[in-house]
Amino acid sequence: MLIRVSESEWRAFGATCTHLDCTVQYRSESQQIWCACHNGFYDLNGRVVAGPPPRPLEEYVVRVRGEEVVIARRN
Amino acid sequence: MEQAEPVKKGGRWQGWLEERLGWDRLSEFLAHKKVPVHSGTLWYYFGGITLFLFGIQVATGILLLLYYRPTAAEAYESVQFIVTRVEFGWLIRSIHSWSANLMVLTALIHMFSVAFLRGWRRPRELTWLSGVLLLGLTLALGFTGYLLPWNTTAYFATKVGTDLAGSVPLVGPALARFLRGGDEVTGATLTRFFGFHVALLPALMTALLGLHLALVQRFGISTPPLLESRGDVPQMPFVPNFVLRELMAWYLALGALGMLAALFPWPLGDKADPFAPAPAGIRPEWYFLAAFYTLKLLPSRLWVLESEQAGLIGLGLLALWWATLPFWGVRPDGRERTRLVTGTGVLLIAWLSTFSVLGYIE
Chain A
284 MLIRVSESEW RAFGATCTHL DCTVQYRSES QQIWCACHNG FYDLNGRVVA GPPPRPLEEY
344 VVRVRGEEVV IARRN
Chain B
405 MEQAEPVKKG GRWQGWLEER LGWDRLSEFL AHKKVPVHSG TLWYYFGGIT LFLFGIQVAT
465 GILLLLYYRP TAAEAYESVQ FIVTRVEFGW LIRSIHSWSA NLMVLTALIH MFSVAFLRGW
525 RRPRELTWLS GVLLLGLTLA LGFTGYLLPW NTTAYFATKV GTDLAGSVPL VGPALARFLR
585 GGDEVTGATL TRFFGFHVAL LPALMTALLG LHLALVQRFG ISTPPLLESR GDVPQMPFVP
645 NFVLRELMAW YLALGALGML AALFPWPLGD KADPFAPAPA GIRPEWYFLA AFYTLKLLPS
705 RLWVLESEQA GLIGLGLLAL WWATLPFWGV RPDGRERTRL VTGTGVLLIA WLSTFSVLGY
765 IE
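Chains as they are written, first to last, in our numbering: chain A, 284 to 358; chain B, 405 to 766.
Do not rely on the hints blindly, as some may be mistaken.
Not everything, but these chain A residues come out facing chain B in the computed CB check (under 10 Å) [said to hold, decoys possible]:
1) ILE286
2) THR299
3) THR301
4) CYS305
Covered, in the sense of this in silico footprint (three residues per stretch, anywhere, with C-beta under 8 Å from a C-beta of chain B), are these stretches of chain A [stated by the list, open to error]:
5) 306 to 314
6) 344 to 357
Covered stretches of chain B (in silico footprint by chain A; criterion: 3 or more residues with CB under 8 Å from a CB of chain A, positions within the stretch not fixed) [claimed, not checked]:
7) 481 to 487
8) 697 to 709
Everything labelled a hint here was simulated from the structure, so no lab data went into it.
Glycine included, each C-beta is placed from N, C-alpha and C at the ideal position.
All chains, please: the whole structure from these sequences, using the hints.
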């Protein structure tokens, strides 16, 4: 999932919950990432805020080149 | 040259069958078979009702097979075709789904009644164990069948269930890959689950059911120890008294099933979309709700274990503890651990019911 945090800042995470593999979603009202399966919450850095997920979401590197957004694996 | 003995008894056909099947021995056996009559006799009918519902599952499952297609591209549409275009297709599918749920319910009632009436005591330990395995197979049939319509809830339930299988110590990752037919839940998973659901699991179920029923015949129906100690428990003949009563119970079960299936047709939901997030309010079938809610409550880490590993090990140990009841329910000197057995049963029912309700309403 790709999130635009501010005008110039983007973040990308794997949308798979680290708990039991469900697909997570962005909740605009709380500005958190949420997994509906077992009520796991992550902040916009992908870190676990509440619920059973054991690890942060997998984060990807985002580079904006003009009109293009390029997402790549770390390393 | 040795000649077959001439037919002596009954008519021509009766004699012919007797000579080849030994029908007289069976009717002799049935004539002497008795069922204890007491205030808990009602509970004896639930095993038979579960068997009846299994029969309904086989019959309606065969009918659904006439139109169902087990691929990710066609599964949802084929079920949609069954419920909208096939004559009475909606009813057959609704009966299959409702009957599956009622079968889990009656199997649970049967299991707890056997536990509380002490039907697991020596020499019926294997009857209990085969029954617990049958419940496990019933749940496996429920889990594999749930994916077959390829809808959203089924897709995520399968993701969660197979990911949980991946947490089993040592063999977990290989097991999850085997169940999924790859790293993710895809059409390959659907095809596998279809095979498990219509061939492998019913075959295992039929074999184990044969063993379970043979053991019930071998040792007869158990009398609760309290009544047994008083002696002279009234009995009723199995044929025709108990059989006719059991048939009435089946008739009532059929009535309840028909009413539920017709008045509350089983919904189909939306087609699974692997790229969409899990929808809010998603939850599994009621019989997995207690486990689901327990997993929801666990913190990220419990000692050195991640939450899903801790949950799986905890639930696995609980199931193992319950399955081995006949072996810890009696002291070495032969006296029963009555309080421990009853307490464990009551706590298990309390956990199942409260956590299921909490899992449903949250």
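Evaluation of the provided hints:
{"no.": "1", "hint": "ILE286", "verdict": "violated (13 Å)"}
{"no.": "2", "hint": "THR299", "verdict": "holds (9 Å)"}
{"no.": "3", "hint": "THR301", "verdict": "holds (9 Å)"}
{"no.": "4", "hint": "CYS305", "verdict": "holds (4 Å)"}
{"no.": "5", "hint": "306 to 314", "verdict": "holds (count 3)"}
{"no.": "6", "hint": "344 to 357", "verdict": "violated (count 0)"}
{"no.": "7", "hint": "481 to 487", "verdict": "violated (count 0)"}
{"no.": "8", "hint": "697 to 709", "verdict": "holds (count 7)"}
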